[in-house]
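**Q** For reference, the chains in residue letters:
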Amino acid sequence: AQKITQTQPGMFVQEKEAVTLDCTYDTSDPSYGLFWYKQPSSGEMIFLIYQGSYDQQNATEGRYSLNFQKARKSANLVISASQLGDSAMYFCAMREGDAGGTSYGKLTFGQGTILTVHP
Amino acid sequence: DVKVTQSSRYLVKRTGEKVFLECVQDMDHENMFWYRQDPGLGLRLIYFSYDVKMKEKGDIPEGYSVSREKKERFSLILESASTNQTSMYLCASSIHRQKIDYEQYFGPGTRLTVT
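Protein chains in written order, with the working numbering: chain S, 1 to 119; chain F, 1 to 115.
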């Protein structure tokens, strides 16, 4: 079963508008972390934001916020005031808890969503 | 700044060749990872290493091997390259801690074409 699902292969948004990129996850581990990465056309992966399963508040980093709905197992990325430079591939990823000390920080990634910002 | 470098941005090899992809990080990270990225499949873990000379298989290790002789360097080896190994290869590193909130740092990627 897919542990991380991103159902939107592509999204379009007008410059200065907000956009939500969807991510759902599947785990039975009570302790986990969720990450969003951005990959511009240059190919390098850029870390954007992190949400822990026990965090009470939704994570925010500048124009990025994470809409974390634990019961629904969703961790959607919200980008406010989109800019042309936001055009990129976006990946959601999960690290499950490491009670046994053997996960070594492995991440499981979703399929990605290509975001295009129109002027 | 953490820096992860990969030996080549673009590589073209012939079927059957032995291919080495090198990755170096400069932040004394214990963990290092090799992923391949294919359209519609996201990133899939090939191998990872949590210490020098230690390695673990990821989700798709078939056709690949790895080497970690020094802490800063993690090599991915394609013993006999095949056309289905044409892909983008990404290396990453992270601190080894019993915590879940540390991110992985990625290199720029190597786009490998096997003809």
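Bear in mind the hints are in silico, worked out from the structure with no lab data behind them.
Keep in mind it's a predicted model, so treat the numbers as computed, not measured.
Heads up, the beta-carbon is just placed ideally off N, CA and C, and yes, glycines get one too.
Keep in mind that the hints are not guaranteed to be accurate.
What the hints assert, rightly or not - Covered by chain S, according to a simulated footprint, are these stretches of chain F (three or more residues, beta-carbon under 8 Å):
id, stretch
1, 39 to 47
2, 102 to 109
Claimed, not checked - Cβ-Cβ distance ranges computed for the label pairs, FRET-style:
id, chain 1, residue 1, chain 2, residue 2, range
3, F, I77, S, Q69, 41 to 47 Å
4, S, G10, F, T86, 20 to 26 Å
5, F, F20, S, T116, 21 to 27 Å
6, S, V78, F, K53, 25 to 31 Å
7, F, P61, S, K16, 43 to 49 Å
8, F, D38, S, T7, 33 to 39 Å
**Q** Of the numbered hints stated earlier in the document, which are not met by this structure?
**A** 5, 6 and 8
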